[in-house]
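Asks: So the chains spell out like this:
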Amino acid sequence: MDLRDKLVSSFLAFESNVDINAPIHEIRSEAIRNFERKGFPNKKEEAWKYTSLNNLQKVDFSIFPKESNPLEYKEVKRYFLHEIDTYKIVFIDGVYSSYLSETTHDGVDVCLMSSALTKPMYRQVIELYFNKIASREESLTTLNTAFSKEGAYIYIPKSKAPRKPIQILHLATGNEAALMLQPRNLIVVEENAEVQIIERHQSLTSNEVFTNAVTEIFAARDARVDYYKVQNDNASATLIDNTYIDQKGNSNVSVHTFSFGGKLTRNNLNFYQKGEHIDSTLKGVTILGEKQHVDHHTLVHHAEPNCESHQDYKGIFGEKSTGVFNGKIIVDQIAQKTNAFQQNNNVLISDQATVNTKPQLEIFADDVKCSHGCTIGQLDEEAMFYLQTRGIPKKEAAALLMYAFANNVLESVRIPELKARVNKLIANKLGVNLGFEL
Amino acid sequence: MLEIKDLHANVEDKKILKGVNLTVNPGEVHAIMGPNGSGKSTLAAVIAGKEEFEVKKGSVSLEGEDLEELAPEERAHRGIFMSFQYPVEIPGVTVTNFLKTAINESRKAKGLEDMPANQMLKLIREKSEMLEIDRKFLSRSLNEGFSGGEKKRNEIFQLAMMEPKLAILDETDSGLDIDALRIVANGVNKLRNKDNAIVVITHYQRLLEYIVPDFVHVLFDGKIVKSGSKELALELEEKGYDWIKQEELV
Numbered sequence: 001m002d003l004r005d006k007l008v009s010s011f012l013a014f015e016s017n018v019d020i021n022a023p024i025h026e027i028r029s030e031a032i033r034n035f036e037r038k039g040f041p042n043k044k045e046e047a048w049k050y051t052s053l054n055n056l057q058k059v060d061f062s063i064f065p066k067e068s069n070p071l072e073y074k075e076v077k078r079y080f081l082h083e084i085d086t087y088k089i090v091f092i093d094g095v096y097s098s099y100l101s102e103t104t105h106d107g108v109d110v111c112l113m114s115s116a117l118t119k120p121m122y123r124q125v126i127e128l129y130f131n132k133i134a135s136r137e138e139s140l141t142t143l144n145t146a147f148s149k150e151g152a153y154i155y156i157p158k159s160k161a162p163r164k165p166i167q168i169l170h171l172a173t174g175n176e177a178a179l180m181l182q183p184r185n186l187i188v189v190e191e192n193a194e195v196q197i198i199e200r201h202q203s204l205t206s207n208e209v210f211t212n213a214v215t216e217i218f219a220a221r222d223a224r225v226d227y228y229k230v231q232n233d234n235a236s237a238t239l240i241d242n243t244y245i246d247q248k249g250n251s252n253v254s255v256h257t258f259s260f261g262g263k264l265t266r267n268n269l270n271f272y273q274k275g276e277h278i279d280s281t282l283k284g285v286t287i288l289g290e291k292q293h294v295d296h297h298t299l300v301h302h303a304e305p306n307c308e309s310h311q312d313y314k315g316i317f318g319e320k321s322t323g324v325f326n327g328k329i330i331v332d333q334i335a336q337k338t339n340a341f342q343q344n345n346n347v348l349i350s351d352q353a354t355v356n357t358k359p360q361l362e363i364f365a366d367d368v369k370c371s372h373g374c375t376i377g378q379l380d381e382e383a384m385f386y387l388q389t390r391g392i393p394k395k396e397a398a399a400l401l402m403y404a405f406a407n408n409v410l411e412s413v414r415i416p417e418l419k420a421r422v423n424k425l426i427a428n429k430l431g432v433n434l435g436f437e438l
Numbered sequence: 001m002l003e004i005k006d007l008h009a010n011v012e013d014k015k016i017l018k019g020v021n022l023t024v025n026p027g028e029v030h031a032i033m034g035p036n037g038s039g040k041s042t043l044a045a046v047i048a049g050k051e052e053f054e055v056k057k058g059s060v061s062l063e064g065e066d067l068e069e070l071a072p073e074e075r076a077h078r079g080i081f082m083s084f085q086y087p088v089e090i091p092g093v094t095v096t097n098f099l100k101t102a103i104n105e106s107r108k109a110k111g112l113e114d115m116p117a118n119q120m121l122k123l124i125r126e127k128s129e130m131l132e133i134d135r136k137f138l139s140r141s142l143n144e145g146f147s148g149g150e151k152k153r154n155e156i157f158q159l160a161m162m163e164p165k166l167a168i169l170d171e172t173d174s175g176l177d178i179d180a181l182r183i184v185a186n187g188v189n190k191l192r193n194k195d196n197a198i199v200v201i202t203h204y205q206r207l208l209e210y211i212v213p214d215f216v217h218v219l220f221d222g223k224i225v226k227s228g229s230k231e232l233a234l235e236l237e238e239k240g241y242d243w244i245k246q247e248e249l250v
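Just so you know, the sequences run in chain order W and Y. Here my numbering is used: the first residue of the first sequence is 1, the next is one more, and so on. Here my numbering is used: the first residue of the second sequence is 1, the next is one more, and so on.
What the hints contain is simulated information worked out from the structure, not anything from laboratory work. One thing to keep in mind: the hints can contain errors.
Here are the computed lysine to aspartate or glutamate pairs in the EDC-like style, where the Cα-Cα straight-line distance is at most 16 Å [unchecked claim]:
| hint | chain 1 | residue 1 | chain 2 | residue 2 |
| --- | --- | --- | --- | --- |
| 1 | W | Lys-394 | Y | Glu-52 |
| 2 | W | Lys-394 | Y | Glu-51 |
| 3 | W | Lys-394 | Y | Glu-132 |
| 4 | W | Lys-394 | Y | Glu-63 |
| 5 | W | Lys-395 | Y | Glu-144 |
Calculated from the model, a selection of chain Y residues having no Cβ within reach of chain W, i.e. all distances over 10 Å [said to hold, decoys possible]:
| hint | residue |
| --- | --- |
| 6 | Lys-15 |
| 7 | Pro-87 |
| 8 | Glu-105 |
| 9 | Asn-193 |
A few chain W positions that, by computed beta-carbon distances, are all more than 12 Å from chain Y [said to hold, decoys possible]:
| hint | residue |
| --- | --- |
| 10 | Leu-299 |
| 11 | Glu-381 |
| 12 | Thr-389 |
| 13 | Arg-390 |
| 14 | Ala-399 |
| 15 | Asn-408 |
All C-beta atoms in this analysis are idealised placements derived from N, C-alpha and C, irrespective of residue type, glycine included.
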């Protein structure tokens, strides 16, 4: 049985564990029908031309985790940003770990999707926001919607901000030979409220893990959201990240994606601007080696006048790694005075690495500033020579140039400890210790 | 200290150096002058170890050691420093961090520990004051958005920090106004001692009024065609390079 059939038939078993009379179950049922009709995307579709899920579908994934598997904090401490105090929502093999987590209801809700979907006190928020911005067409998103049950639920009321950043950590123990996870997150940030979130998926063994995640983020007027995705999973992990962001007037949302690990990672990052004077920031650093593959598909839809979007993705590709960047910007006719910037720069440090980069601009307004640029190059030989003449060996010189290349993406990280951590991950990935942080 | 013997070098199959001979002893300052395209910058880059420049014949040695097999960083570790005509901009790396990395990598190559931070800061302060470099300058990205003069001053600042045995100044005067030229030249003069040597590569005589050479060589069509004392530079300034060209033809 292939994975699609297995998933579709598993839906019946799933239904026996959830309240099928809840209004949200209508949404799940519609979603599974859509997925059954469409199946997994294939390479004939333009959006999946360079990323194949064929091998993945041959794996016999467990769809439901058997039981929660306890982990000691010291075993997984290094996957947390432990240098600072944070709220934590931690899942082990898809099951919430209260032991490793620190949630709150103190003025803000930092808790679980399973609670939000079942408890009456959250019903209004769920009715207003759940599955309201996530695609009802895209097959992987609908697959997640069909099985949506657990994940992070974050609600920040008007003019509030949590006392500290929030970490969402998904751990996979490898107790299953192959495990599929489908976390579903909902983040609602009301007017003039603020939140910082760090998200990480981490597999602890070389057993196969396939995560198909959906995150919906709603930023109301004047809200500010900073979302950081740390993707440094091990070589048997596949991640498909579908993030949908709904922004109202004057809101400011940034998403930084640091992709250093995993076997196959697909980031579908979608921004929908629904007000004036909105600021959207999409940044990424990708450093790959071996046969790793990362595909960034971004969409920014400018639907109102006077808004901005800033995209800056940097990629460094070694060995036989492959990278994809596809950046779509839509500017509606009404969206005059839009400023939309997009930059994707790549460095190939191996003859066998590949990058496919494509800007896709659909501009229907005439008074806009849109710029885009894609580059694929090697390290500047003259710069290498310059550094070497200063006594810096070739390997360190190359790393220094790559550091410098990736640097401006890190500049906008607003949590210094996270910035330092990412710096270390970069140095580690490049195999050097430069003795300073940018 | 530096011994260049019958050096022939190509750039992409084009013969640039066609038999250069030069001996530089400790404590000496040599000026290499010549018209554009005569091979001055190629000579500097070959000494510094640029890989794209292919040595066809002859040798370059420092203190008796043949440099041919050495990478640019290994030459730097042995005490060669080249000040670039066009210093490279490296956004994201501050002048200070760059210097720390350069100095500590050189120390590492010599089996030394990293320089203690306070000592490093003291050295940076001392040398930046000598070259009248603003403190703010140190936290800027290396050469990024620097004016031509700032770039050159930064090169000499690096020279002062690294204290090489042999400094090659490639067209250091270009892009400098007279005040900056004086500061840079003063800096270089303060670094002169009986144990190090300087090779000044320049198109014009101007810089040599401040950094006074012991010897002047004229490079023309890949060869040193004339050598003399500092007066030769004045003569060149007066008569122009056509004079050399005509002499060559004769």
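Asks: Of all the hints given earlier, name the ones this structure violates by number, lowest first.
Replies: 3, 4, 5, 7, 8, 11, 12, 13, 14 and 15
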